[in-house]
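> Listed below, chain by chain, are the residues.
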Amino acid sequence: KNQVEQSPQSLIILEGKNCTLQCNYTVSPFSNLRWYKQDTGRGPVSLTIMTFSENTKSNGRYTATLDADTKQSSLHITASQLSDSASYICVVSANDMRFGAGTRLTVKP
Amino acid sequence: KAGVTQTPRYLIKTRGQQVTLSCSPISGHRSVSWYQQTPGQGLQFLFEYFSETQRNKGNFPGRFSGRQFSNSRSEMNVSTLELGDSALYLCASSLDRASTDTQYFGPGTRLTVL
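Residue numbers (our numbering), protein chains in the order written: chain A, 2 to 110; chain B, 874 to 987.
Cβ pair distances, simulated, as ranges:
#, chain 1, residue 1, chain 2, residue 2, range
1, A, L83, B, S943, 42 to 52 Å
2, B, P912, A, R62, 20 to 30 Å
3, B, R940, A, K109, 42 to 52 Å
4, A, P30, B, T887, 43 to 53 Å
The set of hints was computed from the structure by calculation and includes no laboratory data.
Think of the CB as a built atom: it goes at the ideal place given N, C-alpha and C, for glycine as much as any other residue.
The shape of chain B in the complex, shown without the other chains:
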């Protein structure tokens, strides 16, 4: 069974631009969660989508948004990019809700904001 895939793997943007990241979960998984990882803050939870509905949201500004499609694939969007948004963005999928089930992480998208 294929693992979680994320595209693109690397991205360079400039301040003020917007970006969309994509995540394809393991087949059959209904939950997709997004995380931001930086050297200073570590891993931080962004949001979780389950059956196309946002079920949980971390403490991030409204510039960070996401959605999930009927095939469970998910996208994350960041608008008006800031230098501090440079990070590794990780996506994880699970069969059931992330808080109760084993999560499987993708390799991440490395975003650099110049």
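So here's chain A without its partners, still in its complex pose:
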């Protein structure tokens, strides 16, 4: 069983709408939790990185939250744009990096 589970697997939303992606993990202890955006055919790009003591971190229209008690994180995207269409990957860092399978987001006009 993967120690980092993401949901949903895929999501389709209309341009301008908000959405929230989920990440549940069992990795413990961990040093930080990261969210990456990966466009098709490209390497991932870091969006946010949070230590276990941080609850929220923003990067423009992207806001990540972390609840270390329930071992859950979410990535909220506000006012989506067509360029937000990508895979979003949750990564938990302990001694090594544990990757979620990602959520494939499609933003339609």
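Fit chain B to the given chain A structure using the hints.
What follows is chain B alone, placed relative to chain A:
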């Protein structure tokens, strides 16, 4: 500042052959990590090199190896290629250890094993 570069971008090999992939990190970055990405398994950590020493290794067979040079450039080698090694191999660099610092990924090398 130039980003992480990987060469070659595409590679086709046959079973049993070996392959060497190269990664040039962002100038000043001391950590280089390698990842394998496949549709079925997603992203998986291969290993991390920091200041020419392997600091961490994922759960991959010994056919996968790597090294880092004094200028922080890194190479990854896969020997006795298998069909299942077909994947996108990504390299990422960071100033400090990968587990504590922001990583910057290269565009990847797409390896196809026939």
